[in-house]
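**Q** Listed below, chain by chain, are the residues.
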Amino acid sequence: MKYIYDIHKIMSNKNLILVYEGEFTQDITKSVLTMAERNLDSLGEEVNTKKKVFNVMVECLQNICKHSDIVVSDEERGAVFMIGKEEEFYVIMSGNFIKQDQVEGLEGKLHHINTLDKDGLKNLYRDLIKNSEISEKGGAGLGFVDIARKSGQKLEYNFEPVNDQYSFFAFKTKIARIND
Amino acid sequence: MNRLEIAGTEDTPKVILDKNEGLFEISGRSLPEDAAEFYHPIITWLEGYSKAPNTDTAIQIKLEYFNTASSKLILDVLTKCEKITGAKVLWFFSEDDEDMQEAGEEFSELVEVPFEVKQY
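So the protein lines, in turn, are chains A and B.
Under the numbering used here, the first residue of the first sequence is numbered 1, with each subsequent residue one higher.
Under the numbering used here, the first residue of the second sequence is numbered 1, with each subsequent residue one higher.
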């Protein structure tokens, strides 16, 4: 039973206001969004900050949904989504399994996004929105570009190999609580 | 031409397209996972309408949020508006919503249709 207390302590120490672990679907995305939104409302957060947090959450959650069918083993499946509230930032974190052969491509996209400034991101977004196909389920990386633009911060990420086939993709975005 | 009306939900916008009433509006939240499926009837309707439009058509877009999956389809909707003679797009953003204002301005640069970005 001690782990209940442990989890509670970790969550308090890390200032996590919401943690969801498990299966991800559009319905669950909607529930998590509703919960997070109520949370932000009750904290009396400023509208622009709230909208940015909401936008980043949507992109993160829908990204996770795309990989939700991956089962590494009985113990290693599903994904995790967390929101932390620090003094100056909201921190949105997600973790999910992805196929090993997708790691290089994703890492390249994220790295490229982090090399761009405000205008560079705007141009990349423009190119992607104009040239991507309708049928493509947002797989062009538009989501990550949007996250980088809305947050105004560098994207933080890590790939932890789980076995030959899969890696665990950890992703973190910060949203400033005070407009500068 | 039949009126197209879709009630808004927590993740899809309210849509009213009505030639007789002169109402053309998309409003609310647009966060569907499959945006192509949601926007398909809207794009088809606009395509039909462009063949025999009213003298003036003011397409009002008043979105609170939209996801990147929707953004491509919103661009497709706006591209269809280019083909409607006498059309103009009114993109609304709520007070201080800089991201939505910027989104409107960026869309306006991508299409060749009279475009106003306005606060509501």
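No lab work stands behind these hints: they were computed from the structure.
We put the CB at the ideal spot given by N, CA and C, even for glycine.
Any given hint could be a false lead.
[As the list claims (entries may be wrong)] Listed next, the in silico DSSO-like pairs over lysine-lysine satisfying Cα-Cα at most 30 Å (straight line):
{"hint": "1", "chain 1": "A", "residue 1": "K66", "chain 2": "A", "residue 2": "K50"}
{"hint": "2", "chain 1": "B", "residue 1": "K62", "chain 2": "A", "residue 2": "K30"}
{"hint": "3", "chain 1": "A", "residue 1": "K150", "chain 2": "B", "residue 2": "K62"}
{"hint": "4", "chain 1": "A", "residue 1": "K2", "chain 2": "A", "residue 2": "K172"}
{"hint": "5", "chain 1": "A", "residue 1": "K130", "chain 2": "A", "residue 2": "K85"}
{"hint": "6", "chain 1": "A", "residue 1": "K130", "chain 2": "B", "residue 2": "K88"}
{"hint": "7", "chain 1": "B", "residue 1": "K118", "chain 2": "A", "residue 2": "K118"}
{"hint": "8", "chain 1": "B", "residue 1": "K83", "chain 2": "A", "residue 2": "K130"}
{"hint": "9", "chain 1": "A", "residue 1": "K85", "chain 2": "A", "residue 2": "K9"}
{"hint": "10", "chain 1": "A", "residue 1": "K9", "chain 2": "A", "residue 2": "K130"}
[To be verified] Which residues of chain A face chain B? A few of them, derived with a C-beta cut under 7 Å, are:
{"hint": "11", "residue": "K30"}
{"hint": "12", "residue": "V58"}
{"hint": "13", "residue": "I129"}
{"hint": "14", "residue": "N131"}
{"hint": "15", "residue": "L142"}
{"hint": "16", "residue": "G143"}
{"hint": "17", "residue": "D146"}
**Q** Take the C-alpha atoms of K83(B) and K130(A), compute the straight-line distance between them, and say whether it is at most 30 Å.
**A** holds, 17 Å
**Q** With chain B as the partner, please determine if G143(A) meets the hint condition of a C-beta pair closer than 7 Å.
**A** Since the shortest Cβ distance to chain B is 5 Å, the answer is holds.
**Q** Can D146(A) be said to touch chain B, with a Cβ gap under 7 Å?
**A** With a minimum Cβ separation of about 5 Å from chain B (threshold 7 Å), the hint on D146(A) holds.
**Q** Does K118(A) lie within 30 Å of K118(B) when you go C-alpha to C-alpha?
**A** holds, 23 Å
**Q** Is the shortest C-beta separation between K30(A) and chain B less than 7 Å?
**A** holds, 6 Å
**Q** For the pair supplied as a hint, K130(A) and K88(B), confirm whether the alpha-carbon distance does not exceed 30 Å.
**A** Cα-Cα ~21 Å, so holds.
**Q** CA of K66(A) to CA of K50(A), is that 30 Å or under?
**A** holds, 25 Å
**Q** Would you settle whether the hint for L142(A) is holds or violated, based on the nearest Cβ-Cβ distance to chain B being less than 7 Å?
**A** holds, 4 Å
**Q** Taking only the CA atoms, is the gap from K85(A) to K9(A) under or equal to 30 Å?
**A** holds, 15 Å
**Q** Could you grab the alpha-carbon distance between K130(A) and K85(A) and see if it respects the 30 Å cut-off?
**A** Status violated; Cα separation ~35 Å.
**Q** Under the criterion of a CB-CB separation shorter than 7 Å, is I129(A) in contact with chain B as hinted?
**A** Constraint on I129(A) satisfied, holds at 6 Å.
**Q** Just to be careful, I want the Cα atoms of K150(A) and K62(B) compared with a cutoff of 30 Å; is the pair within it?
**A** Holds, at roughly 19 Å.
The structure does not agree with the numbered hints 5, 10 and 14 stated previously, though it agrees with the rest.
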